[in-house]
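**Student:** Each chain, written out:
Number of protein chains: 2
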Amino acid sequence: MTYTINEVAAKFGLSAYTIRYYDKVGILPFVRRNRVGNRQFDEVDVDWLRLVCCLKNTGMALKDIKTYSDLARQGSDTGTTRQTMLRQHKQAVLQQIADLQANLELIETKIDFYADPQNKKLMDRLKELEQ
Amino acid sequence: MTYTINEVAAKFGLSAYTIRYYDKVGILPFVRRNRVGNRQFDEVDVDWLRLVCCLKNTGMALKDIKTYSDLARQGSDTGTTRQTMLRQHKQAVLQQIADLQANLELIETKIDFYADPQNKKLMDRLKELEQ
DNA sequence: GTATCACTTAGAGTTAACTCTAAGTCAAGA
DNA sequence: TCTTGACTTAGAGTTAACTCTAAGTGATAC
Numbered sequence: 001m002t003y004t005i006n007e008v009a010a011k012f013g014l015s016a017y018t019i020r021y022y023d024k025v026g027i028l029p030f031v032r033r034n035r036v037g038n039r040q041f042d043e044v045d046v047d048w049l050r051l052v053c054c055l056k057n058t059g060m061a062l063k064d065i066k067t068y069s070d071l072a073r074q075g076s077d078t079g080t081t082r083q084t085m086l087r088q089h090k091q092a093v094l095q096q097i098a099d100l101q102a103n104l105e106l107i108e109t110k111i112d113f114y115a116d117p118q119n120k121k122l123m124d125r126l127k128e129l130e131q
Numbered sequence: 001m002t003y004t005i006n007e008v009a010a011k012f013g014l015s016a017y018t019i020r021y022y023d024k025v026g027i028l029p030f031v032r033r034n035r036v037g038n039r040q041f042d043e044v045d046v047d048w049l050r051l052v053c054c055l056k057n058t059g060m061a062l063k064d065i066k067t068y069s070d071l072a073r074q075g076s077d078t079g080t081t082r083q084t085m086l087r088q089h090k091q092a093v094l095q096q097i098a099d100l101q102a103n104l105e106l107i108e109t110k111i112d113f114y115a116d117p118q119n120k121k122l123m124d125r126l127k128e129l130e131q
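Chains X and B are the protein sequences, given in the same order. Note that UniProt numbering gives residue 80 to position 80 of the first sequence, counting from 1, and the numbers run on in steps of one. Note that UniProt numbering gives residue 41 to position 41 of the second sequence, counting from 1, and the numbers run on in steps of one.
Bear in mind the hints are in silico, worked out from the structure with no lab data behind them. Beta carbons: idealized from backbone N, C-alpha and C, even for Gly. Don't take each hint at face value.
Have a look at the derived ranges for each label pair, beta carbon to beta carbon [what the hints assert, rightly or not]:
# : chain 1 : residue 1 : chain 2 : residue 2 : range
1 : B       : E43       : X       : Q101      : 21 to 27 Å
2 : B       : K120      : X       : A98       : 51 to 57 Å
3 : B       : T2        : X       : A92       : 47 to 53 Å
4 : X       : A92       : B       : R32       : 54 to 60 Å
5 : X       : P29       : B       : R73       : 49 to 55 Å
6 : B       : L122      : X       : D112      : 24 to 30 Å
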């Protein structure tokens, strides 16, 4: 089973432009072409793109995904280097989650603040300045 | 107690350029100036900037933070509207955390994949193509 | 009094990540 | 055969969020 560029784009909620852009910057190293020259994505390519999207959606910059892709293109000798990259990225993701949870507390505090009518005056900086 | 632009920049890990940019786009609506015209941040401004950073760091676009700021500038009548914005943003943040946790699983799977020497061949797409 | 320093402004430049346009190729259907 | 549709490319344009430059002001240090 193979997929066209529009099929994989739909599968991952991306545009065909984006997929071509990813190919252009070199993070889709294995995608082959049919006789006409159109990209033909197989299951391995789809799995690869899933990982690319995962790394992108967890905040990895495309230039770092490129580094990772270049290692993959070099073959299995780079396995431990790739693993190290993912381990470090995992820590970054854990940190992101912790940061989001900390920020969530401030957002919740602020929501509660608006719920209390006693705070009406504090919601209005200009009134404060008049005094 | 008041702070200069460089002091608040340091406090929040931003550059003075960024603070001026935030002021320019209108998300620091209450900051006053001293006789010379320099920005003078008081505790309320610092609290406001803390919230701005919180919203920015949880993925709210500056144009939405601007909308929120404009509401704040209009006074306490907009309290419930602001609360609604924060409630919706809270849901978006919870979704982000859930998405990060889901992506984390794929990253962990991939780390484990690299840990198993049995997968050496699968790490090398080119070898696969030779067969 | 002059140099230095921290600030000011308007506006230009940068970067990442797309997003689109224009021109072209090929295959299938009427 | 002609048109339609899905793809191709190179390269230009867009957007968000800064980031910096140039020129200027006013207070303090020598």
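**Student:** Take the hints in turn and mark each one as holding or not.
**Tutor:** Verification of the hints:
no.	hint	verdict
1	E43/B <-> Q101/X: 21 to 27 Å	25 Å, holds
2	K120/B <-> A98/X: 51 to 57 Å	34 Å, violated
3	T2/B <-> A92/X: 47 to 53 Å	36 Å, violated
4	A92/X <-> R32/B: 54 to 60 Å	39 Å, violated
5	P29/X <-> R73/B: 49 to 55 Å	51 Å, holds
6	L122/B <-> D112/X: 24 to 30 Å	51 Å, violated
The structure does not agree with the numbered hints 2, 3, 4, 6 stated previously, though it agrees with the rest.
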